[in-house]
Amino acid sequence: GAGVSQSPRYKVAKRGQDVALRCDPISGHVSLFWYQQALGQGPEFLTYFQNEAQLDKSGLPSDRFFAERPEGSVSTLKIQRTQQEDSAVYLCASSSRDDYGYTFGSGTRLTVV
Amino acid sequence: QKEVEQNSGPLSVPEGAIASLNCTYSDRGSQSFFWYRQYSGKSPELIMFIYSNGDKEDGRFTAQLNKASQYVSLLIRDSQPSDSATYLCAVTYTGRRALTFGSGTRLQVQP
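Residue numbers (the working numbering), protein chains in the order written: chain A, 492 to 604; chain B, 5 to 115.
A couple of the hints might just be wrong.
[What the hints assert, rightly or not] In silico BS3-like cross-links for lysine-lysine, where the CA-CA straight-line distance does not exceed 30 Å:
1) A:Lys502 <-> B:Lys46
2) A:Lys569 <-> A:Lys502
3) A:Lys548 <-> B:Lys71
4) B:Lys60 <-> A:Lys505
5) A:Lys505 <-> A:Lys569
6) B:Lys60 <-> B:Lys46
7) A:Lys569 <-> B:Lys46
8) B:Lys46 <-> A:Lys505
9) A:Lys548 <-> A:Lys505
10) A:Lys548 <-> A:Lys502
The set of hints was computed from the structure by calculation and includes no laboratory data.
Please model the complete structure; the sequences and the hints are all you need to start from.
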C-alpha cells in the first residue's frame, strides 16, 4: 500500500481484556517499529523487527506486551490483561533497511476502561 | 538514563517570523538527530534529520547540530499558520535503530 496501515483506529477495552493491534507496513519495507505515545508525550519505543526477526524488544514495558511479525510483513502487537496505564496511542512505523527516517501509521488509540 | 529535553511551549510567533525550536540530549553516544512534526490527532511526520555538526537546510527549515554542546535546533523561516503543530526532536544511539523522542514543543503561528 501507499502508507503504513494500522487497525483498528480506535479500541476500547475493559480492564483485564486482551487486545491485538495490527500493522501493515509499506510494501518492501523490511524494518518495522512499534511505539507507544501517551497524551502530551513523545512516542516511546517498544520493539523493532527486521523482516521476521525481532531484533530489539527492550522497550516492551512488561511481559503482558508481545509483538510478532511471522512472515516479515504484517505485524501484530498483543497486550494481555490490559490495565488503565496501557491507554495510549500505539504507533507503527516502517522503513527500508538503512533508512532512519520512519514513516508512521495513523496509530491505534487504545482506551482501557 | 538517556534523555531528550524540549521546552513544551507553547512557542508563539507571528506569521512570517522565524521560529526557533531547541532540543538538548544527554548521551554523547547519540548518533543521528531527527525533527518530526505532529499535528493534533495525527501521527508524526519526518521533517529532516542531521548527523554532522553544522547546519542543514531544506526549504524553509534549517536544522543545526552542535555535538560539543549536545543540542540540536530547528529553525523555521517565514512561519505560516499551517506550521502550527508539535515539533518532536528524536535521537538514535550507536548500534540501535530505535528513536528516543523528546516530549515535543508546541508551536503556534499567529496570523
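The hints, checked one at a time:
1. A:Lys502 <-> B:Lys46: Holds, at roughly 16 Å.
2. A:Lys569 <-> A:Lys502: The given pair, whose Cα atoms are some 13 Å apart, holds under the 30 Å limit.
3. A:Lys548 <-> B:Lys71: holds (28 Å)
4. B:Lys60 <-> A:Lys505: The given pair, whose Cα atoms are some 48 Å apart, is violated under the 30 Å limit.
5. A:Lys505 <-> A:Lys569: holds (15 Å)
6. B:Lys60 <-> B:Lys46: holds (26 Å)
7. A:Lys569 <-> B:Lys46: holds (22 Å)
8. B:Lys46 <-> A:Lys505: holds (25 Å)
9. A:Lys548 <-> A:Lys505: holds (26 Å)
10. A:Lys548 <-> A:Lys502: holds (23 Å)
This entry does not satisfy hint 4, going by the numbered hints stated previously; all others are met.
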